[in-house]
Amino acid sequence: MSNEWLPNHVQGQDHHGQPDRRPLYFFLGSAAVLFLVVAILFFQHMINSGRGLAERPGPSVTATAGSGEAGSSGAGTGGTGGAEAGSGTASGSPTTEPSPSATLQRPAPEGAISAAAFTTPAKNIHCRINSDNAECSIYTYSYPSPGQCEGKTATYSVGHEGPVEAGCTYSVETPEVLDYGTAVAMNGFACTLEQNGVTCWSEASGHGFELARSADRLF
Numbered sequence: 001m002s003n004e005w006l007p008n009h010v011q012g013q014d015h016h017g018q019p020d021r022r023p024l025y026f027f028l029g030s031a032a033v034l035f036l037v038v039a040i041l042f043f044q045h046m047i048n049s050g051r052g053l054a055e056r057p058g059p060s061v062t063a064t065a066g067s068g069e070a071g072s073s074g075a076g077t078g079g080t081g082g083a084e085a086g087s088g089t090a091s092g093s094p095t096t097e098p099s100p101s102a103t104l105q106r107p108a109p110e111g112a113i114s115a116a117a118f119t120t121p122a123k124n125i126h127c128r129i130n131s132d133n134a135e136c137s138i139y140t141y142s143y144p145s146p147g148q149c150e151g152k153t154a155t156y157s158v159g160h161e162g163p164v165e166a167g168c169t170y171s172v173e174t175p176e177v178l179d180y181g182t183a184v185a186m187n188g189f190a191c192t193l194e195q196n197g198v199t200c201w202s203e204a205s206g207h208g209f210e211l212a213r214s215a216d217r218l219f
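Read in UniProt numbering, the sequence shown has 54 at position 54, and its numbers run on one by one without any break.
Wrong hints could be hidden among the right ones.
[Claimed, not checked] Distance ranges between label pairs, derived from CB positions:
(1) Ser-142 with Glu-110: 27 to 35 Å
(2) Gly-206 with Gly-111: 16 to 24 Å
(3) Gln-148 with Glu-110: 37 to 45 Å
(4) Pro-107 with Ala-215: 24 to 32 Å
(5) Ser-171 with Gly-206: 20 to 28 Å
(6) Tyr-180 with Ser-142: 16 to 24 Å
(7) Thr-140 with Thr-103: 31 to 39 Å
(8) Arg-217 with Pro-109: 16 to 24 Å
Honestly, the hints are just simulated from the structure, not real lab data.
Fair warning: this is a prediction, and the values are worked out from it, not measured in the lab.
A virtual CB, placed ideally from N, CA and C, is assigned to each residue, including glycine.
Throw the hints in and build the complete structure from the sequences for me.
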């Protein structure tokens, strides 16, 4: 056996006995690439999330201002309500009715009866008492007609307040006859029937009229 062959043989054995590390390097390289890809995706996700938060609209200034206005309006309403509550307490408390003499300028006569409509025994003057006025029509008279409507029935009307109105655009007629000497009171109005005429007035204001065949009188 040659001595030159032995070292070469041994050297060949040492070369084939060393492990092949290429698969390890490939694995490490693949892992590094995978880690890099994951890191890039993660950072992109974080960046997109941050943009989404930045672009998300915050609380509306208008809504906040509206809430503030609602609050101030509520406070104002509350203040007004308090004032109204105070006035309501005052107005809601029981009030003492003033005496008739203090509120009625011309009260109805004692013993007056309630009647919504009536005429005199002569049936020349017909009257009606409504909720807001008392009115009488005179069919035959010798004085100048009010409203320049000669020859027509004249009608006089008085309300709770204000002066007497007279004209001839309509007339009152009723079959209910009351005797002379009768006084009528209804709805804040009063009337008296006398042989010389009929007088009606507002108890509150005292304004009224007196009708007779020969003359009229407004007061």
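(Q) Hint by hint, where does the structure go against what was stated? Just the numbers, ascending. (A) Violated hints: none; all satisfied.
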